[in-house]
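Quick note, the sequences are listed as chains A and B, same order. Heads up: the first sequence begins at 58 in the working numbering, then just goes up one per residue. Heads up: the second sequence begins at 756 in the working numbering, then just goes up one per residue.
Honestly, the hints are just simulated from the structure, not real lab data. Some hints here could point you the wrong way.
Said to hold, decoys possible - Stretch by stretch, here's where chain A covers chain B in the computed footprint (C-beta under 8 Å, at least three residues):
| no. | region |
| --- | --- |
| 1 | 849-862 |
| 2 | 887-897 |
| 3 | 924-937 |
Just so it is clear, CB atoms sit at the ideal spot from N, CA and C, and this is done for glycine as well.
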Amino acid sequence: MTQQSVTPRRGWERLLVRAVFVLALPALLVALWWLASDGSTNVFWPPLRTIVKTFPDVWTRERLRSDVWPSLWRLACGYLLAAVVGIALGTLIGSYRRVRAFCEPVLEFLRAVPPPVLVPVIMLFAGIGDSMKIVVIASGCVWPVLLNTVEGVRAVDPVMTETARSYGITGPARLGYLVLPAASPQIFAGLRQALSIGIILMVISEMFAASDGIGFTVVQFQRSFAIPDMWTGILVLGLLGFVLSVVFQLVERRVLGWYHGLRASTRRSR
Amino acid sequence: MVKGRSMLDVRGLRKVYEGSGRRIEAVRDLTFTVEAGELVCLVGPSGCGKTTLLKCMGGLLTPTSGDVLLEERRVTGPPPGMAFVFQEYGRSLFPWMRVAENVELPLKQKDLPRQRRRELVRDALEAVGLADAAGAYPWQLSGGMQQRVAIARALAYEPQVLLMDEPFAAVDAQTRADLEDLVRRLWQERSMTILFVTHDIDEAVYLGERVIVLSASPTVVQEQLKVDLPAERDQLHTRVAPRFAELRTHVYQQIQAAKRGSLRDGLTKSDPPPATR
């Protein structure tokens, strides 16, 4: 161990070091992009300088309301729907071996169908409004949640299960105090995968028969050859993904605090 | 509590595991009684079906034949009058709950009012010397402390019978001695009925008022032995008392005899098990 890591650092100092670590690579990449594209005269590859200049003109308050908000709303609805359905079905399937044997082949098939392919089909049933897009998002997000929940529920420690039984913790209490918390690390792994799938499907669903949304806007700009504007849309999507993943991490750290502590303590004791 | 009343009755208990073409007779024929307020230790060679027996008694396993009676009532599922302390403390406490929540959870299931639950939790944690750890997570505690939490959870449940399945097998020797004294003290203070399963002969003699020696699997009762050591026991003096040495030697011999029995039996183990008994 080096001397440096032994000396206790003050809080803000540690924060600063962490910030440098987190920001160094993004800053480097942006700088590279800036330099590489600076003299570009290619219409499809505008200088980053132009893109940044265009940004505030495109992403006005008005557009946030008319395009970003609908996208986020549909993403939230689809994602939550997938989470609820995935956890509920996953718990059911994971709890009963018979149900699992019965459902497994069908699940494997459905999971293998790429959700974008379903868009035309879902359009036939759910129309072209918000509900179609929500269903598309949910139909893609549900699989990682469902499959991870099944695994998590299956893996509940038998000693804990017996403890619960011996103390009369059965039925809904067993679910709430034992099964779901025990499976929660796995469930969160599924939710995390589902989040990135959800963002992708949010964009894709807006490329079909839409009249608003970030994906719609990006395609609109591309079709009207407003290339710098299109690039700003891509930046917005990237930033959105980043912010959502940070929010997700904060929630996860809160809910799974016990899990990270437990893992750290077992690592120490080895 | 009136002593001499039978609290736990095991009658002709037999358990055969069947699976994938193999029949394993874990427990053959067990009959014994535990009186109210008694501290009984079950000791036997390793792999003798002690855990199977305890799970049958706790209603976690259904015996193939025979009965377990708790205060004359047949045990068919985990009865509310029994509390379990498992060997694997780390896997028996819920790591997503704090110590106090772990102790409180079974009480919630009993529908006790909040005030009463708090009292019981505080009292139980104090009894095991962990009043300060109420807000900690189990994995922040040492193994011995975790097992104390599991004991506190059982105490707060206010069981008539406490079933302990090799609870100290996984803790270090010094902690183990402390926990043994804790069990003795709690038993005396709270006049509980305790059935303590162990493979450690010294532990069985030190703790028990009575020791039931089990044979090797398929299990029968090899011998029942009254431990006529004084009620006040301590690690320092009791363990060097001549009577202690005599008793432990006796139990040791019995277990050796039981093992030899199992060797004989082991030769016939691959054969189909004999028709009952």
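Between the region 849-862 of chain B and chain A, are there enough contacts, at least three residues with CB-CB distance under 8 Å, for the coverage claim to hold? Coverage by chain A holds for the region 849-862 of chain B (6 residues, Cβ < 8 Å).
Can the region 887-897 of chain B be counted as covered by chain A under the rule of three residues or more with Cβ-Cβ separation shorter than 8 Å? holds (count 3)
8 Å C-beta criterion, at least three residues: is the region 924-937 of chain B covered by chain A: violated (count 0)
Hint compliance for this structure: hint 3 is the single one not met.
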